Amino acid sequence: MTHSDILIIGGGIAGMSAAFFLAKAGKSVTVLEREDQPGYHSTGRSAALYSETYGPKIIRKMSTASRSFFMTPPDGFSENPILTPRGIIMTAAPGEEAELDAILTEGRANGANFVELTPDELKEIIPVIHTEHVAKAAYETDAMDIDVHALHWGFIRQFKALGGSVVTKADVSTIGKADGKWQITLAKGDVFTGDIVVNAAGAWADEIATKAGIKPLGIVPKRRTAVMVDVPDDVKPHGWPLVASLDETLYFKEDAGRLLVSPADTTPTEPHDVQPEELDIAITIDRLMTATSIEVRRPGESWAGLRSFFADGDPVSGFDPADDSFYWLAGQGGYGIQTAPAMGEYAASIITGNGVPAQMEKLGITKDALSATRPTLVSGK
1 MTHSDILIIG GGIAGMSAAF FLAKAGKSVT VLEREDQPGY HSTGRSAALY
51 SETYGPKIIR KMSTASRSFF MTPPDGFSEN PILTPRGIIM TAAPGEEAEL
101 DAILTEGRAN GANFVELTPD ELKEIIPVIH TEHVAKAAYE TDAMDIDVHA
151 LHWGFIRQFK ALGGSVVTKA DVSTIGKADG KWQITLAKGD VFTGDIVVNA
201 AGAWADEIAT KAGIKPLGIV PKRRTAVMVD VPDDVKPHGW PLVASLDETL
251 YFKEDAGRLL VSPADTTPTE PHDVQPEELD IAITIDRLMT ATSIEVRRPG
301 ESWAGLRSFF ADGDPVSGFD PADDSFYWLA GQGGYGIQTA PAMGEYAASI
351 ITGNGVPAQM EKLGITKDAL SATRPTLVSG K
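Residue numbers (full-length UniProt numbering): 1 to 381.
Derived by calculation from the structure, the hints in this document are not laboratory data. Incorrect hints may have been included.
Simulated DEER-style distance windows between Cβ atoms [unchecked claim]: (1) Val-191 with Arg-108: 49 to 57 Å; (2) Ala-98 with Gly-300: 55 to 63 Å; (3) Asp-234 with Pro-81: 52 to 60 Å; (4) Thr-118 with Met-289: 19 to 27 Å; (5) Met-289 with Arg-157: 39 to 47 Å; (6) Pro-127 with Lys-215: 48 to 56 Å; (7) Ser-379 with Ala-178: 15 to 23 Å; (8) Gly-189 with Thr-84: 43 to 51 Å; (9) Val-191 with Ala-98: 51 to 59 Å; (10) Asp-234 with Ala-282: 19 to 27 Å; (11) Lys-215 with Asp-75: 39 to 47 Å.
Model, not experiment: these values are computed from the prediction. Glycine included, C-beta positions come from ideal geometry on N, C-alpha and C.
Input sequences plus hints: build the corresponding full structure.
Laid out in structure tokens, this is it:
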């Protein structure tokens, strides 16, 4: 039987970032990961982008709060840069101009660099784009690609260097309490005890809560599909920014001379080792061919990942209302990579009783916005 101050269930980016900051705060932490290696499910299948203007409001604030970590990670965190230049162009269809303008205003207020583009200017940057469906566009030049592997394993290495433990093949069988401490028994028989349990199990968060005798919060895993597409020889996509429709029905970006394309689908599903559906692949190709002049004869490799949501679309990072030793850290909705540094630091600060970090308070981040008791968690926005 192994005892730790804190037991974290889930070794994805959410669990590992929180583990790092908790260990940094002097806590003994054990991370229990069901798979053979951390990050197999959502984290390892993310086409991650760092943008301070992408996602719901609380996500945008958390992304801004993560900026300094991304720009200056701890010494020895990664041999490779975590961020590399990419840029993102958001396209607004007729009728969506006001929504795009609001994003521009907020982004600029937070220091983001935007260039507004007419349809003709957009076509100069992305020659294959069909502009008849575009009223205007905005080019966030500072948006960056995130090296997910470097970020995730940077957290893991630093966590272990601080004395933390990661246990793989740790399929949780039972969760209960004995003598006021949490007791987790794995399917293989190992037993771990801790003062606090952090539920960072992603799509399986409700399942873990149920095992712990905690009321589920209603997390919904949703499938997202990605497809690789070859481009004609006369198309040179190197250096293109990521292009995303404002209504989140399509995005594509260059990847090693090809295009990574997604219909930005959010199909509710059960938590499992998700695979792409043929229909979603066909929809992806159809949307790309509608938005651009690229003809796709045969799609390349494809995959799918799970993005997990609560009813209002915002994540939860807070103690359960019925048990102040059970901490929810879930529902990042596909934005877990770009917010990982701030979400991890926030969780560690709340868990250790230090409240919302000062720099996050200045950005308007509150405990209520991430609370497991907020009214919109069940009702939606």
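Going through the hints against the structure:
Between Val-191 and Arg-108 the beta carbon distance is about 53 Å. The supplied range of 49 to 57 Å therefore holds. Roughly 37 Å separates the CB atoms of Ala-98 and Gly-300, a value that falls outside the hinted 55 to 63 Å. At about 32 Å, the CB distance of Asp-234 to Pro-81 disagrees with the hint of 52 to 60 Å. A hinted range of 19 to 27 Å for the beta carbons of Thr-118 and Met-289 is consistent with their spacing of about 23 Å.
For the hinted restraint 39 to 47 Å between Met-289 and Arg-157, the CB-CB distance of approximately 43 Å keeps it satisfied. Restraint check, Pro-127 to Lys-215: a C-beta distance of roughly 53 Å satisfies the suggested window 48 to 56 Å. Between Ser-379 and Ala-178, the C-beta spacing of about 36 Å breaks the proposed range 15 to 23 Å. Distance hint check for Gly-189 and Thr-84: the Cβ-Cβ separation is about 44 Å, which falls inside the suggested range of 43 to 51 Å.
Distance hint check for Val-191 and Ala-98: the Cβ-Cβ separation is about 57 Å, which falls inside the suggested range of 51 to 59 Å. For the hinted restraint 19 to 27 Å between Asp-234 and Ala-282, the CB-CB distance of approximately 25 Å keeps it satisfied. Between Lys-215 and Asp-75 the C-beta distance comes to about 43 Å, which sits within the given range of 39 to 47 Å.
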